[in-house]
Amino acid sequence: MTSGSSSDRIVRVASGQGFWGDWLDAPRRQVEGGPVDYLMLDYLAEVTMSILQKQKERDPAMGYARDFIGAMESVLPAVKDRGVKVIANAGGVNPVSCANAVLEMARAKGAAGALKIGVVTGDDLLPRLDELIANGQPLANMETGEPLDTVRDRVLSANAYIGSVPIVEALRRGANVVITGRSTDTALTMAPLRHEFGWAADDWDRLAAGIIAGHIIECGAQCSGGNCLYDWRNIPDLANVGYPIVEARADGTFVITKHPHTGGRINVPSVTEQLVYEMGDPHAYITPDVVADFTSIHLESAGEDRVRVFGITGRPATDKLKVSIAYRAGFKTVGTLVYAWPDALDKAKLADRVLRERLDNMGLKFDELLTEFVGVSATHGPLAVQEGEPQEVQLRVGVRGPDRKAVERFTRELAPLVLNGPPSVTGFAGGRPKVEEIVAYWPALVDKTAVSTKVEVMS
Amino acid sequence: MKVRLVDVAHARSGDKGDTANVGVIALKPEWYSLLREQLTLDRVRAHFEGVITGDVQRFELPNLHAVNFLLHGALGGGGTVSLKTDAQGKVFSTAMLRMLLDVPDAEARKLNLPAAPRT
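These protein sequence lines are chains A and B, in that order. In this text, residue positions in the first sequence follow our numbering: the first is 1, and each later residue adds one. In this text, residue positions in the second sequence follow our numbering: the first is 1, and each later residue adds one.
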């Protein structure tokens, strides 16, 4: 469906997944609702890699986003018959197994012959950590400056964020499905544009435009009416919300739109809200490919549910890659009880005091013990305004600490309050809260020259 | 004249580690100048006093009629470590919009600003 070869040529990249757990229907709706050239699926959040690493430890064939196999099945006819290409970072810590699972699914459907899967590896630094540290890469925490040695023995996963280069190579070698591990979310959109338009490795403005297009659509419907504060009451038909599509041109300008007859809304305010989401210093949005300048972005309305984006500039990339490291950091749990009118807040506060006294009496120690009163101040803390008496209050108490036993013991202290604490309490149907191991995030930098990616094309 | 920020701006927030970002966007392009004047570092620091443990950084985006703030130490350790309901800073956006602005009457008239309801 990529049409023409002049500067009028448009390449369409559709977003079908904003995170692992996003709407299962979205990928199929994106390939069936109108013309698209590429389907982009983002599965990885900061801590997803560590969850996948744990799964791989239990079963060496696991460690990728399983949802992707179902997504591929739902879009298989479009890939096979209409030439839609799919780019996803669903590979997690095991892109090869992920590709094998896709091929197996396609074989069962008699469509394996239609797939050429490009698999990108090399981002996984876990087996290389000691070698990297020995060779002068301290992998210091970008926020605290501490060297990785402090938590080295507790590291669960370590992955470099990789850019567009290996994805472009996979496409050039004829892949119609590209599976990566920890590629940046934005590269999944920029790479196909770079491939289609032949943008050079130092064409900073266009590479930056591709990155910003990626940033706008990487959270799925969050730019097309989902989680949109602006005029939220009047955003139509969220039940059928249309996920975003980039219509890009070779000059680096693009339009954000969605398929006709879908719900949601794309306008300048909805796109602006997504642009500022998770924004740091807007002058320097650093990616492996380019440093994009968000203060150069211009938006204008280009018709109903169409926003034109232009004027974007970028600067040369740095010589580092960001590394996402996950490490074990103790245990936590959160439990809740609900107190009803009258005097719901006072009852919840008394219950909290009783609970804390009992924990003290047992000598249980935690790094943190946090109480929130949901319905009163849980989200806005001291900024919350009390207007009248709350009709009910949820007491929400969490603990965190290195000692699993102490955290387990805490989970036994909530239920008794129903019978031996303040009155008018309910909402304990869920039973004892679950204890979770905390997997914390350690952002670091590594020299680009220390990481090399590899592309394998499987069919 | 008193003006509620929620009546002149919309916002979205997100997280990076233990830092929340809040992007505040003027509801009308001509109101961006008001955000730039009113949402100073000191004003935002004071607004979030007792809510965050770290400092605040401020960035202007005239092209988007927006001002972006980084609120450090906002998320109880951030991400998976945090015990907070809003561990990922998703609703710091509306916490920011609780701000009440004091705007000179002449400017408020010129910009046609909606007055805060009397309480």
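Honestly, I wouldn't trust all of these hints.
[To be verified] List time: in silico DSS-like cross-link candidates among lysine-lysine, alpha-carbon distance up to 25 Å:
{"id": "1", "chain 1": "A", "residue 1": "K434", "chain 2": "B", "residue 2": "K28"}
{"id": "2", "chain 1": "A", "residue 1": "K365", "chain 2": "A", "residue 2": "K434"}
{"id": "3", "chain 1": "B", "residue 1": "K2", "chain 2": "B", "residue 2": "K110"}
{"id": "4", "chain 1": "B", "residue 1": "K90", "chain 2": "A", "residue 2": "K322"}
Simulated from the structure, these hints should not be mistaken for lab results.
Given the hint that A/K434 pairs with B/K28, test it: the Cα-Cα distance must not exceed 25 Å. Since the Cα atoms of A/K434 and B/K28 sit roughly 47 Å apart, the hinted pair is violated (cutoff 25 Å).
Quickly compare the C-alpha distance for B/K90 and A/K322 to 25 Å and report which way the hint goes. holds (24 Å)
Check whether the Cα positions of B/K2 and B/K110 lie no farther apart than 25 Å. Holds, at roughly 15 Å.
Has the given pair, A/K365 with A/K434, been kept, meaning a C-alpha gap of at most 25 Å? holds (18 Å)
Of the numbered hints listed earlier, the single one contradicted by the structure is hint 1.
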